[in-house]
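Protein chains: 2
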Amino acid sequence: MKKRVSFTPGYPHSLRLVERTQVKPIIVPGFKAVGIYAGIKKRKKKDLALIFSEIEAKVAGLFTTNQVKAAPVILDIERIKSGRGQAIVINSGNANACSGKKGFTDALEMTRITARGLGIPAEMVYVASTGVIGKHLPMDKVRKGIAKAISLLSKAGLNDAAEAIMTTDTFPKIASSRSKIGGRVITVAGIAKGAGMIYPKLSPNPLSATMLSFILTDAKIEGMALRTALKKSVENSFNSITIDGDTSTNDSVLCFANGLASNREIRSGSREFSKFQEILDSITSCLARMIVLDGEGATKFIELAVKGASTDNDAKRVAFRIANSNLVKTALNGEDPNWGRIMAAIGSSGLSINPEKVNIYFDGLMVVGKGLGLRKEKEAKRILKKKEIRITIQLGIGKGKAKVLTTDLSSEYVKINATYRT
Amino acid sequence: MKKRVSFTPGYPHSLRLVERTQVKPIIVPGFKAVGIYAGIKKRKKKDLALIFSEIEAKVAGLFTTNQVKAAPVILDIERIKSGRGQAIVINSGNANACSGKKGFTDALEMTRITARGLGIPAEMVYVASTGVIGKHLPMDKVRKGIAKAISLLSKAGLNDAAEAIMTTDTFPKIASSRSKIGGRVITVAGIAKGAGMIYPKLSPNPLSATMLSFILTDAKIEGMALRTALKKSVENSFNSITIDGDTSTNDSVLCFANGLASNREIRSGSREFSKFQEILDSITSCLARMIVLDGEGATKFIELAVKGASTDNDAKRVAFRIANSNLVKTALNGEDPNWGRIMAAIGSSGLSINPEKVNIYFDGLMVVGKGLGLRKEKEAKRILKKKEIRITIQLGIGKGKAKVLTTDLSSEYVKINATYRT
Numbered sequence: 001m002k003k004r005v006s007f008t009p010g011y012p013h014s015l016r017l018v019e020r021t022q023v024k025p026i027i028v029p030g031f032k033a034v035g036i037y038a039g040i041k042k043r044k045k046k047d048l049a050l051i052f053s054e055i056e057a058k059v060a061g062l063f064t065t066n067q068v069k070a071a072p073v074i075l076d077i078e079r080i081k082s083g084r085g086q087a088i089v090i091n092s093g094n095a096n097a098c099s100g101k102k103g104f105t106d107a108l109e110m111t112r113i114t115a116r117g118l119g120i121p122a123e124m125v126y127v128a129s130t131g132v133i134g135k136h137l138p139m140d141k142v143r144k145g146i147a148k149a150i151s152l153l154s155k156a157g158l159n160d161a162a163e164a165i166m167t168t169d170t171f172p173k174i175a176s177s178r179s180k181i182g183g184r185v186i187t188v189a190g191i192a193k194g195a196g197m198i199y200p201k202l203s204p205n206p207l208s209a210t211m212l213s214f215i216l217t218d219a220k221i222e223g224m225a226l227r228t229a230l231k232k233s234v235e236n237s238f239n240s241i242t243i244d245g246d247t248s249t250n251d252s253v254l255c256f257a258n259g260l261a262s263n264r265e266i267r268s269g270s271r272e273f274s275k276f277q278e279i280l281d282s283i284t285s286c287l288a289r290m291i292v293l294d295g296e297g298a299t300k301f302i303e304l305a306v307k308g309a310s311t312d313n314d315a316k317r318v319a320f321r322i323a324n325s326n327l328v329k330t331a332l333n334g335e336d337p338n339w340g341r342i343m344a345a346i347g348s349s350g351l352s353i354n355p356e357k358v359n360i361y362f363d364g365l366m367v368v369g370k371g372l373g374l375r376k377e378k379e380a381k382r383i384l385k386k387k388e389i390r391i392t393i394q395l396g397i398g399k400g401k402a403k404v405l406t407t408d409l410s411s412e413y414v415k416i417n418a419t420y421r422t
Numbered sequence: 001m002k003k004r005v006s007f008t009p010g011y012p013h014s015l016r017l018v019e020r021t022q023v024k025p026i027i028v029p030g031f032k033a034v035g036i037y038a039g040i041k042k043r044k045k046k047d048l049a050l051i052f053s054e055i056e057a058k059v060a061g062l063f064t065t066n067q068v069k070a071a072p073v074i075l076d077i078e079r080i081k082s083g084r085g086q087a088i089v090i091n092s093g094n095a096n097a098c099s100g101k102k103g104f105t106d107a108l109e110m111t112r113i114t115a116r117g118l119g120i121p122a123e124m125v126y127v128a129s130t131g132v133i134g135k136h137l138p139m140d141k142v143r144k145g146i147a148k149a150i151s152l153l154s155k156a157g158l159n160d161a162a163e164a165i166m167t168t169d170t171f172p173k174i175a176s177s178r179s180k181i182g183g184r185v186i187t188v189a190g191i192a193k194g195a196g197m198i199y200p201k202l203s204p205n206p207l208s209a210t211m212l213s214f215i216l217t218d219a220k221i222e223g224m225a226l227r228t229a230l231k232k233s234v235e236n237s238f239n240s241i242t243i244d245g246d247t248s249t250n251d252s253v254l255c256f257a258n259g260l261a262s263n264r265e266i267r268s269g270s271r272e273f274s275k276f277q278e279i280l281d282s283i284t285s286c287l288a289r290m291i292v293l294d295g296e297g298a299t300k301f302i303e304l305a306v307k308g309a310s311t312d313n314d315a316k317r318v319a320f321r322i323a324n325s326n327l328v329k330t331a332l333n334g335e336d337p338n339w340g341r342i343m344a345a346i347g348s349s350g351l352s353i354n355p356e357k358v359n360i361y362f363d364g365l366m367v368v369g370k371g372l373g374l375r376k377e378k379e380a381k382r383i384l385k386k387k388e389i390r391i392t393i394q395l396g397i398g399k400g401k402a403k404v405l406t407t408d409l410s411s412e413y414v415k416i417n418a419t420y421r422t
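Residue numbers (this note's numbering), protein chains in the order written: chain B, 1 to 422; chain P, 1 to 422.
Quick caveat, the hints were computed from the structure, so don't treat them as lab data.
Some hints here could point you the wrong way.
As the list claims (entries may be wrong) - Below, a list of computed lysine-lysine pairs in the DSS-like style, where the Cα atoms sit at most 30 angstroms apart:
id, chain 1, residue 1, chain 2, residue 2
1, P, K370, B, K376
2, B, K144, B, K44
3, P, K42, B, K370
4, P, K135, B, K201
5, B, K370, P, K370
6, B, K135, P, K370
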């Protein structure tokens, strides 16, 4: 699967772990996109993106479970009930959250202007925002920006769109796949952004960084099948990452399927569905991984696997407790194999565990056996010097398992977030 | 109440907020104590403390709810069933956690040697440890240390004991009170230590920093009344603080009452009980406050009050969600009135809230009204320049309220914890 997915980071980044490939435009049949500078950000960096499907598409989406929801999220949750759509307008530099009635009116207006310019109904337009909370959008600039964006829409514009949705990200995140389903070539491509306030808890019936992702495909797929596939895919990707344990007001994932590949419509349970799921999973996983690689101030990329829990849910809870522990994260930052902090985090997850059954591995090296340190300090320290580390916890209770991706916690993270608005 | 409590920090500390009074020895009738250097810590700093009551005392205790419990905690939980005790032996520099059967044997031996030296039954001795997890205690040094400590026990030794239980603490924490109950002068004194892995969840039926506190009194009090008073007192003090959101394997609070004041025995529900509760609360609150003031890397002391929740428990949950948010903590470190992060934290607590009813105050200044920013940036920024800040959240739902104490998150915190074992 992996081979079929290409990801195209175009910029330098903190971890330098992402395979650097040539920046080539990603094209999904029937879709146009664009990213421009509209003047929302202080510094002259792209801050407005537009994605457009030439024909109406099936749409599935998941949104933050944070109860404080940004205006665009509230609007999208309403619109997605139709399961249809044709465009997404996105701004960075301002989250349009905690912005009151005006914020909602502004989000609505963004979709209306976009719709008018594209000659489609406003209800077909989705909107997303990311940036500072509690400020009103500079609507004059947004209006002009949208008009400009529409005029610059292009088949090769997705890379620019990926750049325009960035906030503290250091590189744009794009993944794409071309493969055959039912004899037809299907393209799936996604863009995403991080890089702080990242602990997404996305749900189709939303109850929380701002993590945004937009996935486009020309596959022909039945609406319910698209929703099912996206939900499952997000659970094992965006909902399995944490950078700082803070869940955003703006997290949104939207998947557009315009059907232009003219394959036989994919339905739930079919062989074609399994294949589509596999492709979608590879894209979301790839994007989720890039978000973590680009985590604010991150110097380490940590893959944390918990096995042997009673249920998969329990395993995920333990994994997130470890991944969100500042003491574990700072130890990793210091390249200190202080597994005691991992044991303490496991014990405080609120779940019933037996310390005497716990094994801990750094990469392949067993450092804790049956709850006791195996005096592997030197070897462990060598492993922790790497940029990318796999930590495996065996709880020894049942068969539940989960994998989450996270970062260390660095002084750089503190600096970034102590000065975010200055 | 406050006037009756004196606290006696003897060392310079990061926040310089604690009232600096002359270091004078705290004496509780019938108790002796000592703190010495036994060689457990690498650097020559006191690392072994002993507290001894000349006569058998009533004992109440609360211990970490972390399921990975240090050996001394497991032993104390067993012993406290008797409700009686006469001594506490405590070491710093090594947590004796995740130390297996040998760790348990070592804890047991610490109590046996202490008991033998003091001429009391081993069951009357409690033990506590704090420091690095996953290492065995240097028992040779511990044995010699205990013998030395016994020989140096003194009525004026509590200040040295407070020093000997420190790990990353920058000053010893002692509070004491003398006041009349039922015509008799009652002394209550407590010592405590922080300063990282501080998010205590203490329970009498334990299910999480290492936070240690030992409270001594000459009051005569019925055993159940002592347990009731301690539990309530801890809930509003040690169980209402968080520095880094990590709950320790070693948190322990022990309260010894030797009855030497010869007051009429205090029973639950009596006027004398209320007075005792009040005194105990002032001591635990004072110690809890000192722990937060001395939080690892802290540059700000934050008192976070949540009001208007459905229940007090709900209020506490929201308060801890905010207090444990790295984004809120880094904004405070940067003196940035980024209330949007507070709103996001409130929304992600998992409780049902209405963003449009939320008011937020920095000291007396309302910065958010009905979920919307009131453009008080300049005034708010001035308030955040202070070392001690009161943040009040009004949820506007019910009458539940809670107060928690916390710190900011600084680059210094990351440094301390990235290099803790080096």
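Going down the list of hints, with the structure as the test:
1. This hinted pair does not check out: K370/P and K376/B have alpha carbons roughly 55 angstroms apart, beyond 30 angstroms.
2. Distance hint between K144/B and K44/B is fulfilled; the C-alpha atoms sit about 16 angstroms from each other, no more than 30 angstroms.
3. With a CA separation close to 28 angstroms, the supplied pair K42/P and K370/B stays within the 30 angstroms bound.
4. Simply put, K135/P and K201/B have alpha-carbon atoms about 37 angstroms apart, too far for the 30 angstroms limit, and the pair is violated.
5. At roughly 52 angstroms between alpha-carbon atoms, K370/B and K370/P are farther apart than 30 angstroms, so this suggested pair is violated.
6. Distance check on the hinted pair: K135/B and K370/P sit about 15 angstroms apart at the alpha-carbon level, within 30 angstroms; holds.
This entry does not satisfy hints 1, 4 and 5, going by the numbered hints stated previously.
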